[in-house]
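Letter by letter, the chains look like this.
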Amino acid sequence: MTSTVSAPGPVALVGSRSDPPGRRSTGTRPARTWLPYALLLPAVILELSVHVVPMVVGVWMSLRGLTQFHIRDWTGAPFVGLDNYRTTLDVDTTTGRELLHSFGVTAAFTVLAVGLSWALGLFAAVLLQRPFRGRGVLRTLFLTPYALPVYAAVITWTFMLQRDTGLVNHVLVDDLGLFEDRPFWLIGSNSFVAVLVVAVWRTWPFAFLCLMAGLQNIPDDLYEAAYLDGAGFWRRLSSVTLPMLSPVNQVLILVLFLWTFNDFNTPYLLFGGSAPSAADLISVHIYQSSFITWDFGAGSAMSVALLLFLLVVTVAYLLVVNRWRRRA
Amino acid sequence: MLKRLLTAVAAVVLLAPLLSACGSDEPAAAPKTLTYWASNQGASLEADKQILQPELDKFERQTGIKVTVEVVPWSDLLNRLLAAATSGTGPDVVNIGNTWSASLQATGAFIQFDDATLATVGGKDRFVPAALASAGAANKPPTAVPLYSLAYALYYNKQMFADAGIASPPTTWEQLVEAGKKLTNGQRWGLAIEGANISENAHHAFHFSQQYGGEWFDAAGKPTFDTPQNVAAVKRYLDLMAVDKIANPSNAEYAQNQSVSDFANGKVGMLLWQAVGSSLKAQNMAADAYGVAPLPFLQSAPAGGKRVNSMVAGINIAVFKHTKNRDAALQFVKFMTSDEEQVALNRTYGSLPSVRTVASNEAFQAPEQKVLAEVLGSTAAPLPQVAQESQFETLVGTAMKELFAQVASGGQVTEDDVRKKLSDAQSQMRG
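Note that the protein sequences, when read in sequence, are chains A and B.
Start counting the first sequence at 2; every next residue gets the next number (the working numbering).
Start counting the second sequence at 7; every next residue gets the next number (the working numbering).
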């Protein structure tokens with residue numbers, strides 16, 4: 002929406018600048034040139050104050066030794082140059098090593114969570130493509146995790162994952178007898194599985210929703226033609242459904258990747274302020290490094306590094322996908 | 007053309023309030039209103055509000071100053087205080103955990119209680135010295151004044167002790183282990199441990215370390231986490247679960263006071279906690295069902311070991327420098343530390359008064375309060391009053407949480423494991 006409104010602006014400006022002054026710019030011109038900007042102003046102000054200014058302040062903070070001694074007058078925090086980056090990104094120090102570990106955990110978590118959410122979403126969307134009795138009920142049911150407030154949902158999971166009194170262990174150990182000893186889910190190495198399951202449970206309905214919408218746009222003729230050519234289910238999926246879904250997938254995977262990589266609510270609510278090492282996702286790690294240890298400079302340095310990483314990945318992804326699509 | 011101009015004017019007019027709303031300060035509010043952030047002392051946030059409101063109404067009747075209270079849960083309080091300190095807006099008067107005093111003092115966001123300021127709330131001598139010593143670094147004016155005082159004690163289930171043939175509460179850790187083993191059977195456990203609660207872990211690390219002759223910070227304020235004494239202290243606490251097996255491994259994931267519930271429900275025979283009587287009452291455990299004793303000591307103290315079995319725990323009350331009503335805020339502090347309020351509030355919460363004048367009041371003669379007073383008066387020591395104290399609690403408490411997780415998953419924890427965790431924690435101390 003922003004681009005459609007602003008488009009006439011620069012064009013008109015360029016036009017009037019290249020013309021001799023006073024000649025063609027009649028009375029109506031100026032009004033037309035600045036009105037779009039005036040209408041854009043609220044959006045620009047909000048965008049600046051909500052996104053751009055905090056980001057710039059974050060970069061500024063990452064160059065300062067901002068600890069508890071300076072938070073009251075934080076503009077007076079001493080300039081330390083790249084020291085915060087040196088300490089937090091140097092893998093020979095404990096801080097750097099832990100950040101790298103957290104990064105690795107987050108990368109594995111993101112790949113698995115996005116992959117599983119996407120696969121589950123596609124599976125359910127394809128199954129529900131044809132109308133049948135109860136389809137509406139199933140669709141609603143599948144979307145429930147996405148509609149639930151994240152706090153209520155994840156706190157319920159923490160109760161379910163308790164070792165002695167949780168529903169998960171009751172089913173796995175008491176009913177199914179899969180484990181001899183009751184496993185821990187919220188501490189120790191299983192916590193990775195716990196946070197992965199909760200994250201997939203929360204995000205797959207979004208993938209399902211997008212893919213379902215994408216499937217609606219595939220003309221039935223294609224399936225009919227494929228069917229006449231003798232294509233089975235898998236052939237139709239790989240030769241018709243997936244290629245036709247690729248524009249949806251392109252955006253969906255990117256959005257899921259960014260959301261999952263940055264997800265703060267799920268691990269924070271599941272584990273409280275301190276995540277177990279096996280599930281030490283990067284957003285909570287940064288929170289701990291800045292808020293709990295009161296070292297906001299180091300925390301900002303980590304955030305800026307994370308921002309750069311996500312930017313690089315996003316740009317590379319878009320370049321690769323666009324080139325691939327042009328070739329296709 | 008005119009139409010367009012009108013649209014543009016309309017747009018600007020519509021925007022103007024939005025723009026000016028960003029920059030303008032609120033006009034100075036009527037000077038007779040204070041905002042107060044109270045910490046969670048009772049069974050719930052709502053219960054606290056109901057306990058405090060009549061007292062605040064009384065203050066308003068006496069002085070005409072209206073106090074708006076918000077009870078902030080412990081998990082949010084420190085972050086909220088930091089945010090208020092950073093932005094320079096927020097409440098006028100706040101409760102702080104007394105162990106954060108020196109850390110918060112370093113921010114410079116609170117007014118200092120120098121002798122002149124202390125005089126306006128009743129004078130230095132009015133307060134219990136140990137409690138006032140936990141209100142900031144040693145050589146600086148306090149950053150707050152004490153409000154409620156607490157100490158750790160050993161709570162034990164009388165019936166379970168009698169059933170197991172244990173005549174008296176343990177006075178040494180060796181006796182505690184022995185009693186714990188007698189209490190532990192398939193259904194019940196000897197001791198409850200809040201293993202994933204970072205603050206609880208750090209507090210136990212403190213008094214165990216004192217008993218082993220250790221310190222978490224040296225005289226210059228530098229962290230000394232991985233000394234042999236501290237390693238031994240942390241290992242002693244972990245071994246209650248790992249080696250002595252008197253605590254349920256499930257306790258390793260406890261962080262929401264589940265150990266208090268387990269004790270109240272008779273699932274466990276012993277609990278190490280601060281003034282937990284009012285919570286036990288809220289969970290329907292009768293006051294005569296449990297006994298209270300000081301925390302044990304080591305049977306034979308190693309060289310340099312101190313007779314310390316609790317931190318000086320408590321809640322302080324502080325005033326933000328950014329308050330527009332400094333006088334009213336100090337009046338409120340004076341009110342909250344007055345004899346009458348000290349008796350009323352501490353009686354309700356089961357804590358001890360922070361002022362000397364009411365110590366002998368009949369409200370504080372119950373067995374629990376007498377034990378707490380004895381501990382506070384003789385064998386409690388303040389946590390290190392250094393600016394990095396809150397980092398110590400977080401880093402060491404988290405390291406212990408991970409070690410408990412390792413124990414609970416069946417892994418062995420050696421001295422080297424403990425030392426490595428503690429030196430990793432220490433290397434993350436900055437600033």
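Among the hints, erroneous ones may be present.
Said to hold, decoys possible - Output of the computed footprint for chain A on chain B, the stretches with three or more beta carbons under 8 Å from beta carbons of chain A:
#1 187-200
#2 230-236
#3 256-268
#4 309-323
#5 390-402
#6 421-434
These are calculated hints, taken from the structure and not from any lab test.
Think of the CB as a built atom: it goes at the ideal place given N, C-alpha and C, for glycine as much as any other residue.
Structure-based check of each hint:
no. : hint    : result
1   : 187-200 : violated (count 0)
2   : 230-236 : violated (count 0)
3   : 256-268 : holds (count 4)
4   : 309-323 : violated (count 0)
5   : 390-402 : holds (count 5)
6   : 421-434 : holds (count 3)
Comparing the model with each earlier hint shows violations of hints 1, 2 and 4; every other hint is respected.
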